[in-house]
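Protein sequence lines correspond, in order, to chains C and U. Using the numbering used here, the final residue of the first sequence is 160, and nothing's skipped along the way. Using the numbering used here, the final residue of the second sequence is 218, and nothing's skipped along the way.
It cannot be assumed that every hint is accurate.
Stated by the list, open to error - Subject to a maximum C-alpha distance of 30 Å in a straight line, what follows is the list of computed DSBU-like cross-link-like pairs (lysine-lysine):
hint : chain 1 : residue 1 : chain 2 : residue 2
1    : U       : Lys-104   : U       : Lys-121
2    : C       : Lys-74    : U       : Lys-141
3    : C       : Lys-156   : U       : Lys-121
4    : U       : Lys-83    : U       : Lys-145
Bear in mind the hints are in silico, worked out from the structure with no lab data behind them.
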Amino acid sequence: MPSNYLNDDERVVRFVPWAKLRKDEDDNVLGALPSAFALRDDEEYLSVTWCEYFAGTANEQTRCAIEAIRGSMKVGAKARFALGEVGAIRQRAEGRPNAKKLRIIHEPEPDNAAHSAIRHWTRDDDELLELLAEAEWSDLLTAADADALPLTECQKGNRA
Amino acid sequence: MSASALLDPYSPSVGKLRPAVSVSTGSQQSQSLEEFFRLFKRSPYTRNVKADHLLLSQGEPYQTAAFVRPAEPEIERALRDSKSSFKVLVSRVSMHLGFEWLQKLFAQIDSLLDIEEWDEKDPIPALETARTFIRLLLILKVKRKPGIGISNAGNLIAAWTTGQNRLTVECLPSDRVRWIVARMNEGEIERAVGEGRIDRLRDLLQPYEPSVWFEYAE
Chain C
1 MPSNYLNDDE RVVRFVPWAK LRKDEDDNVL GALPSAFALR DDEEYLSVTW
51 CEYFAGTANE QTRCAIEAIR GSMKVGAKAR FALGEVGAIR QRAEGRPNAK
101 KLRIIHEPEP DNAAHSAIRH WTRDDDELLE LLAEAEWSDL LTAADADALP
151 LTECQKGNRA
Chain U
1 MSASALLDPY SPSVGKLRPA VSVSTGSQQS QSLEEFFRLF KRSPYTRNVK
51 ADHLLLSQGE PYQTAAFVRP AEPEIERALR DSKSSFKVLV SRVSMHLGFE
101 WLQKLFAQID SLLDIEEWDE KDPIPALETA RTFIRLLLIL KVKRKPGIGI
151 SNAGNLIAAW TTGQNRLTVE CLPSDRVRWI VARMNEGEIE RAVGEGRIDR
201 LRDLLQPYEP SVWFEYAE
């Protein structure tokens, strides 16, 4: 089956656990830490969930992507969902010195049909991760934000 | 009811069993679970026992009952141990931190290592990173305290943020740190990353005027 590459105008959600949020001394959330977007040693790609896998309006698609994450892993009440645009993430990452061209591919998993993989992701560029946290992936949704988005039956869209 | 069943006494299923259960605590026999709980709490042998589940077994002449604690999942135990170790380390230097900060730091530790929020793919912070974190705070002698996070390697992260000025310090073992700086200067953000010993950090950050992170604005 041919790979289904995500388009630059499409969006992906990255789950950010509480421990990887940037906070002040009173635990007020100020953003995401660079580690929220870092690969673990045993990971070959960065896991994200593709919004446009689902049918509906942009908000409906975002809600479905978040529900897909919630259905596939433990999500704490204080965690966030970082929403980013594929093209902007790609441009930022590929613009770094010695960067490889990213491959952002729909790779469904049994518990998350919209799961996608960002391959050729950096293993050592801390500054890139900081930049992404500060800009391209700075739109962080709380659980309440997510719950306020319209919920549909989350059917597959035309792009899936 | 099966010969032996493990039940949560606070779950609705217990209520369903209530009419059928007769339990004994030795000398006294109870006719209901409610009565059993009351006896259990009153008895000098059992009133201090903390238990989460009730083990019921059917036998003659009585059904017998005993409270047991379920095995604690490994991750919960590891997080609890990490919290304790971290707090012990903090307590040892409490005279340098002050009571207010100590309380705040304990709250941050509890919050960071909360099992409800913990991503099970992340390694639990080891004592070495906690030691570096505390030494970092003592050496820097900051007025403004950092937020705390974690890296994928399980190292503690100290983060200072004032507007667009961001300092992120990962606490590595053996008094070493990896840092990332984003510092606004004349309308432009300057960035730097580095790694080194804690005792050099303030000097290494000097070009970025670290007081923006470490001091409160006048």
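Which of the stated hints cannot be reconciled with the structure, identified by number in ascending sequence?
2
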